[in-house]
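Asks: Spelled out, the chains give:
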Amino acid sequence: MKNWSHDGQWTAWMQAAMAGDAAAYRLFLAAVTPYLRTIVRSRCRSWSALDGEIEDIVQEVLLAVHLKRGTWDPSRPVGPWIAAIARNKLIDALRRRGRQISVPIEDVVETLRAEEQDDRPMTHEVNNLLAKLKENQREIVRSISIDGASVRDTADRLKMSEGAVRVALHRALQTLASLYRSQVS
Amino acid sequence: MRTDELIRLLAQDAAPRWRFRPLYLAAVLAGIVIVAIVFFSTIGFRADISSAMESVRFVFKFVVTISLAISAGSVALALGQPGIRSGRLFAILLLPLLLLAWAVDAELFVLPQNIWAARMIGSNYAECLTILPLFSAGPLACLLFALRQGAPEKPGLAGAIAGLAASGIGATFYAANCTDDSPLFVALWYPMAIAIVTTVGYLIGRSALKW
Chain A
1267 MKNWSHDGQW
1277 TAWMQAAMAG
1287 DAAAYRLFLA
1297 AVTPYLRTIV
1307 RSRCRSWSAL
1317 DGEIEDIVQE
1327 VLLAVHLKRG
1337 TWDPSRPVGP
1347 WIAAIARNKL
1357 IDALRRRGRQ
1367 ISVPIEDVVE
1377 TLRAEEQDDR
1387 PMTHEVNNLL
1397 AKLKENQREI
1407 VRSISIDGAS
1417 VRDTADRLKM
1427 SEGAVRVALH
1437 RALQTLASLY
1447 RSQVS
Chain B
457 MRTDELIRLL
467 AQDAAPRWRF
477 RPLYLAAVLA
487 GIVIVAIVFF
497 STIGFRADIS
507 SAMESVRFVF
517 KFVVTISLAI
527 SAGSVALALG
537 QPGIRSGRLF
547 AILLLPLLLL
557 AWAVDAELFV
567 LPQNIWAARM
577 IGSNYAECLT
587 ILPLFSAGPL
597 ACLLFALRQG
607 APEKPGLAGA
617 IAGLAASGIG
627 ATFYAANCTD
637 DSPLFVALWY
647 PMAIAIVTTV
657 GYLIGRSALK
667 W
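If you're matching them up, the sequences are chains A and B in order. Sequential numbering from 1267 applies to the first sequence in my numbering. Sequential numbering from 457 applies to the second sequence in my numbering.
Any given hint could turn out to be false.
[What the hints assert, rightly or not] Here are the simulated lysine-lysine pairs, DSBU-like style, with alpha carbons at most 30 Å apart:
1) A:K1425 with A:K1400
2) A:K1425 with B:K610
3) A:K1398 with B:K666
4) B:K666 with B:K610
Read the hints as simulated data drawn from the structure, not as lab findings.
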């Protein structure tokens, strides 16, 4: 039922996103998330992970998808690219949790076809990492993600230029990714 | 932070500033420019370059080194992008090896046996083992920088292949100065110099190319 036919839509959204369409990008990320969640959940079944832990890994994958989207070739379907990123980050996340496993790409692709499940538990890992960001980066992240403000509103409120907010946001996301990497738990 | 909040955040950071492929190609170009500058401001062409150009042995050195640079460069490009199956692509790395093996075979056929050893040892091996890796350092730095913007699934392997590609570039310039043209010399000393660069690429890549 759910299968790679989605991939056409995902690819179209991602192509628009690469051209700067933020709305298409948001649709793309929102559509991909349930599939990532299914992948992570199926790989974590062997060690009764909490929903929060699963969501932590989903968020780490999303962040990697975001920061590495320049490596996607818009002339190719986006599905295999996402699957490769997810596999890679999943291996990292599980290794960090002390579990050496290998995730065959076929498994990831197979799971992408699976049913989606939707629930949104709170996550802990990302909150701990957010606490390590610089004050103004954290402020910007909170403003946009939790308060739902736009970049412009955030810029007005913090008396910064829009460009400066965008730069700080991008830096914050890069820092988050490197914090995930360096984290030993 | 809930996942939908993270998505809202990511969407606000919409347009990417770079794409990996053009960035990588620019890095290759930058690497070539760097060695070219170093080459012409230090050792330059060998003195007898115009007569050397007519020698098949001299010209064939470039067939080998350029094919190494192009094949390893293409593999490294693929390795930087997730979801591209690079397995079959690795076969093109055999191309410079086969070309060199064929040249060695021809050389052994043409030369009398008593000068094989002398041609193989040559006279510039110390330069080959030092200058070639030094020339490769600039391109290696450029390639590793580009791959850092990529997402190599195997960081050590990507670094090693970048080392191969960089030494292909470095060797191309070094070969224009070196007066040892016999494929026997190339087959003995070049791989040693290239191995140094490849090892350095592997060691740096293993940690620096994680993402």
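Asks: Now look at each hint and say whether the structure bears it out.
Replies: Verification of the hints:
Only pairs whose Cα atoms come within 30 Å are accepted, and K1425 of chain A paired with K1400 of chain A is accepted, the gap being roughly 17 Å. Taking the CA atoms of K1425 of chain A and K610 of chain B, the gap is about 43 Å. The hint is violated against a cut of 30 Å. This hinted pair checks out: K1398 of chain A and K666 of chain B have alpha carbons roughly 21 Å apart, not beyond 30 Å. For the given pair, K666 of chain B sits about 8 Å from K610 of chain B by alpha-carbon distance, which is consistent with the 30 Å threshold.
Of the numbered hints given earlier, the model fails hint 2 alone.
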